[in-house]
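Chains as they are written, first to last, in the numbering used here: chain A, 1 to 730; chain B, 1 to 280; chain C, 1 to 152.
No lab work stands behind these hints, which were simulated from the structure alone.
Predicted, not measured: the structure shown is a model, and the values here were computed from it.
Note that beta-carbon positions come from the ideal geometry of N, C-alpha and C, so glycine has one too.
One should not assume that every hint holds.
As the list claims (entries may be wrong) - Label pairs and their calculated CB-CB ranges:
| hint | chain 1 | residue 1 | chain 2 | residue 2 | range |
| --- | --- | --- | --- | --- | --- |
| 1 | A | Glu602 | B | Glu160 | 46 to 56 angstroms |
| 2 | A | Gly435 | B | Ala259 | 21 to 31 angstroms |
| 3 | B | Glu17 | A | Ala71 | 41 to 51 angstroms |
| 4 | C | Thr7 | A | Arg22 | 23 to 33 angstroms |
| 5 | B | Glu160 | A | Ala135 | 25 to 35 angstroms |
| 6 | B | Thr13 | A | Glu495 | 54 to 64 angstroms |
What the hints assert, rightly or not - Here are some chain C residues the structure puts well away from chain B; computed CB gaps all over 12 angstroms:
| hint | residue |
| --- | --- |
| 7 | Leu15 |
| 8 | Gly33 |
| 9 | Glu44 |
| 10 | Gly47 |
| 11 | Val144 |
Said to hold, decoys possible - Derived list of chain A stretches under chain C, where covered just means 3 residues or more per stretch with a C-beta under 8 angstroms from a C-beta of chain C:
| hint | region |
| --- | --- |
| 12 | 328 to 338 |
| 13 | 615 to 629 |
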Amino acid sequence: MNVAGTSVPRLDGEVKVTGRARYALDLTVPGMTHGVVARAERAHARIRSIDTAEAEAVPGVLAVCTGTNVAPLDPRFGHVVRDHPALAIDTVRYHGEPIALVVAETRRAAERAARTIRVDYEDLPAVMDAEAALADGAPLLHPERVAGTRDEGLDSGGDGLAGNLCAAAEYGWGDVTAAFEAADLVLEGEYRYPMLYGYAMEPYNSIASFEEGSLVVYSTAQHPYMVREDLARIFSLPLARVRVVVPYVGGGYGTKSYTKVEPLAALGAYVTGRPVRVALSVEESILTTRSDGARIRARSAFAADGTLLARDFDVVMDSGAYTDNSPVVCAKLANRCFGPYRIGAVRVRVRSVFTNTVPASSLRGFGAPQGNLAGELQMDEAADRLGLDPFAIRLHNVVRPGEEILPGKRGIDADLPADLELLARSLGWPDAPEGRGIGFGISASDAGAHPTSVAMVRLHADGSASAAVGATELGQGSRTVLTQILAEELDLPLEKVAIVAADTGVTPYERTTGASRTTTLVGRSLQAACADAKRQARELAGGEDVPYEVAIKRFFGAGGEIIGVGTVRRHGEFQAMPPFWEIGCSGVVAAVDRETGRVRVEQLTTVGDVGFAINPALVHGQDLGAATMGLGAALSERLVYDGQTLANPNVVDYRVPRCSDLPERLDQIVVERRDGIGPYGAKGAGEGSLNPVGAAVAAAVGRVLGRYPHELPLTPERVWRLAQVEASRV
Amino acid sequence: MLLPTDFELHRPTTVAEAAALRAELGDTAALYAGGTELLLAMKLGVLEYEHLIDVKRIPALRGIERRDGELRIGAAVTHRELETLPDLPALAHLERHVANVRVRAAGTLAGNLAFGEPHADPPALLVALGARVALVGASASRELPVEDFLTGPYETELGEDELIEAVIVPVDGAVRAAYRKFQVLERPAVGVAAAGRLDGRVFDGAPVVVAGAVDERPVRIPADALAGAAYDDPDALAALAAAAAEAVEPVDDLSGSEAYKRHLTGVLAQRAVLALRGEG
Amino acid sequence: MTATTITGRINGRELTLRVDNATLLLDLLRDMGLTGAKPSCEMEICGACTVQLNGLPVSACTTLAVELDGGAVETVEHLDAGGELHPVQRAFLQHSALQCGFCTPGMVMTAKALLEQNPSPTREEVIHWLEGSICRCTGYEPIVDAILAASA
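Construct the complete structure from the given sequences, taking the supplied hints into account.
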């Protein structure tokens with residue numbers, strides 16, 4: 001290989017270190033105006049009226065949009081269920097929900113005007129957590145259900161959704177009851193995973209304008225094509241007349257999946273006839289999207305030799321005020337919670353519940369971390385109770401290459417026992433340094449989302465080539481990796497290729513950029529497009545193997561180009577789901593200050609089972625970045641509701657990992673067994689390393705204190721109290 | 001975020017000018033140096049002023065003077081400038097860990113006191129060292145112990161017509177001092193300062209121990225148990241911890257519960273005292 | 001008067017401007033097309049807006065534009081003005097010390113300010129300086145390595 005497999009310096013590196021990279025927030029368009037959102041101050045209420053007269057009179061204000069004054073437009077969006085109004089229509093369902101948009105010539109005028117807006121509310125009882133929402137007689141957020149969009153690629157969340165149930169996933173196999181009765185050891189526990197905020201450092205922002213009958217939107221969206229669909233529905237436009245353009249994105253991590261502020265900007269543009277920028281602050285971004293908190297009840301049944309006989313998971317997700325992506329997260333949580341083990345009997349029930357809180361949507365890990373916390377801690381507990389080694393108990397039960405985790409789905413395309421061996425060796429198991437604890441976990445995620453991808457390759461008259469793909473560059477390095485594949489497939493040097501991306505008016509359809517799928521699935525459609533282009537070049541050259549430019553010249557005489565198209569769809573080798581399994585195999589060595597409860601992670605090991613690293617440096621970066629994010633949830637990150645409002649809707653009171661949290665010893669192992677469906681045997685990375693980190697840290701702390709925690713994050717106070725409990729048991 | 005309202009900016013070049021402005025403008029004006037707390041509060045809409053009086057162009061407020069065994073730290077001296085203070089290593093160490101490098105570059109010690117943020121580092125150590133603030137008004141000057149200057153959360157004794165001229169810290173080579181803090185989020189949850197004289201390993205008299213950041217204002221911890229005791233005497237330290245936990249009135253917040261913070265205050269009191277042997 | 005006429009240098013170029021007192025330095029710079037410094041937390045915590053004011057790293061989001069008066073501001077755009085990348089920028093590229101890049105201008109300016117004050121920092125000193133700079137992508141290690149590599 002020429003360039004695939006090499007740590008080519010990332011192609012967007014220089015523009016980023018020189019400050020010249022343009023993010024949506026850096027763009028301006030001529031005549032641009034500013035849209036500022038006024039937000040609800042109730043968790044659940046009917047809107048009797050909104051008084052915008054004072055706002056409209058502020059000098060510089062062009063319009064004040066509300067959910068009802070943009071009629072005949074229906075301002076609702078939602079890729080699974082279209083229940084999410086860009087501006088509340090008659091009901092407010094969470095504190096902070098947008099209720100009006102002020103568009104003005106200057107941001108200052110818009111902000112001043114927004115502060116004057118008064119709403120007359122009729123208070124409704126609110127449900128502030130999932131338990132309350134599930135209780136009999138609980139007030140309903142969505143008494144009238146909106147029909148689903150019937151997108152085949154998305155789980156609609158199940159039939160018979162009633163009450164405050166947003167989605168549900170329920171399945172199983174084998175005789176769970178009998179297995180528990182026959183077991184030598186039954187473990188039962190309740191675990192809690194916090195609501196999180198992804199904190200992508202670029203807050204949500206978008207510029208929208210109507211030009212020549214088309215809606216043009218600049219955005220931070222990870223999935224411009226999904227946003228395009230939502231916008232087309234709201235404005236009754238054909239897809240051909242909606243263009244979504246995504247420049248460099250300042251962090252995604254799933255938080256920028258699906259539609260966010262684009263409808264707001266577009267509504268402002270629609271009403272004023274001017275381009276409108278809506279740019280949220282971090283606090284407003286927190287009030288836009290968070291991730292699901294979960295209560296996990298898990299039971300595991302073991303034989304005396306450590307064989308995992310059965311698992312029974314009952315999970316309740318707190319999913320906030322609107323459907324958003326919760327049905328998909330719910331389905332994935334259900335698939336991922338019991339772990340990558342051979343289990344004879346399984347029962348899983350996951351319920352995603354509406355609450356009067358910020359809507360939940362995708363976040364890195366996507367349901368895996370929540371279930372993994374319970375599943376992996378119960379493996380550790382079982383090992384202790386049965387007198388077995390915790391690595392050995394996992395090695396004993398973990399699926400072997402090709403075996404099924406979920407019946408009827410693609411067998412696992414990874415060697416988990418080998419990954420575990422590497423992890424154990426790196427952590428120095430079982431010899432923890434004095435006073436330290438070692439913790440670790442393994443996970444397998446059915447990743448890749450839906451395998452629809454179209455790519456286009458253009459061979460130019462001078463023999464150079466460019467590709468057009470719908471993938472967005474979030475920092476994960478998609479531009480670089482895809483360019484490497486392009487150069488490799490066409491046998492051209494990097495200097496002679498270019499990539500154009502993420503402009504729905506120009507680049508072909510890409511389902512999503514998420515679920516760790518870009519290298520694997522877009523890589524394959526790009527390979528297919530290169531093969532198509534090469535085939536055409538050979539045809540044009542009468543079957544001769546000549547340089548591309550010679551073939552083009554022969555055919556066209558002057559100018560011209562060859563366009564190759566490649567498609568990946570759910571068919572053939574991509575029929576089986578998931579397209580690939582994303583492995584998480586991570587561990588830590590941690591110290592605990594019993595007096596303060598402070599946990600210090602001294603070593604962090606990740607095993608990146610990626611099939612093939614097209615750019616090893618990028619894989620390293622993603623594995624360390626993902627695991628670091630996992631440390632955040634493990635130790636400090638949590639959104640906290642205080643009554644009807646968030647107590648910490650800012651990054652001052654919501655703590656993400658800092659430089660000083662960096663463990664002294666880092667070991668990012670990358671394993672390449674060429675066992676993936678992606679180019680050169682590649683599989684996806686970027687989420688896997690995060691998934692087991694919560695359980696790993698909890699286990700490490702548990703080993704130091706003699707008692708496993710059941711709740712994240714492990715704040716200093718929680719750890720101190722755990723130490724007290726254990727100390728008092730002697 | 002924008003600063004929501006316009007304001008006039010005054011840039012006096014003498015203390016007298018600044019004091020006159022304070023007298024003239026009253027509570028419509030705020031004193032402004034680094035603005036690290038003030039401007040943020042204004043952005044958040046928590047505070048609003050029609051006038052800011054910038055004190056950074058007053059040469060008399062910019063220096064650090066050594067006089068009569070005391071350090072006079074001008075009101076416009078930044079945290080960063082105090083990080084390398086040779087005379088008071090404990091204060092220098094504390095200043096090195098205030099907030100972050102950008103806040104230290106712009107923010108001033110006097111500004112920190114004037115804002116009255118309860119979750120702050122400097123007050124505990126300044127009280128333990130017996131520091132004072134020098135205040136100047138249009139017609140009079142006075143000095144107050146820092147302990148009396150800080151009266152509650154965001155509340156100080158600063159008169160509407162006054163400004164801080166300097167923070168005055170006694171320097172006594174025989175006094176060892178140390179500050180230890182515990183932080184969960186962005187501000188210290190608890191900070192304890194200790195200052196005392198050691199004769200070898202034994203305290204000469206009782207050390208002064210002050211808890212900050214955990215209560216509405218700095219709180220003195222009774223440390224008589226350590227009078228004449230070895231600095232690492234386990235019984236004396238245990239008594240100190242108990243006294244510390246008892247002396248403060250913390251509130252539950254995102255950093256921790258009242259009970260946890262009481263416990264932390266005790267732990268940090270012990271650690272601050274133990275650290276005295278490394279100081280001086 | 002709620003505006004002030006100021007004279008100062010931005011990236012080496014002397015300018016005289018009339019600015020509203022309430023204008024923040026970050027907005028002044030970004031409105032001039034210097035979009036390297038970014039708004040993120042806007043509460044002085046994250047460092048994405050870091051520029052050098054009179055050589056010191058400051059949070060431009062919470063600094064008055066007026067503070068430019070009689071002084072000098074340097075932003076990330078100035079570092080390769082001579083046609084070559086600054087050693088810190090080269091080191092960031094060599095050590096893959098960025099991914100989404102949104103924190104990068106602030107990190108680069110913080111690193112530059114550090115090395116100008118302390119040309120040979122220890123690893124602990126680098127970490128101490130970066131306490132106020134958040135990165136959500138990289139896990140920090142490559143950034144620390146890059147700064148140490150760029151040091152004397």
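To see whether the hints hold, each was checked on the structure:
no., hint, verdict
1, A:Glu602 x B:Glu160: 46 to 56 angstroms, "53 angstroms, holds"
2, A:Gly435 x B:Ala259: 21 to 31 angstroms, "26 angstroms, holds"
3, B:Glu17 x A:Ala71: 41 to 51 angstroms, "60 angstroms, violated"
4, C:Thr7 x A:Arg22: 23 to 33 angstroms, "30 angstroms, holds"
5, B:Glu160 x A:Ala135: 25 to 35 angstroms, "54 angstroms, violated"
6, B:Thr13 x A:Glu495: 54 to 64 angstroms, "59 angstroms, holds"
7, Leu15, "18 angstroms, holds"
8, Gly33, "19 angstroms, holds"
9, Glu44, "6 angstroms, violated"
10, Gly47, "7 angstroms, violated"
11, Val144, "15 angstroms, holds"
12, 328 to 338, "violated (count 0)"
13, 615 to 629, "holds (count 10)"
Hint compliance for this structure: hints 3, 5, 9, 10, 12 are not met, and every other hint is.
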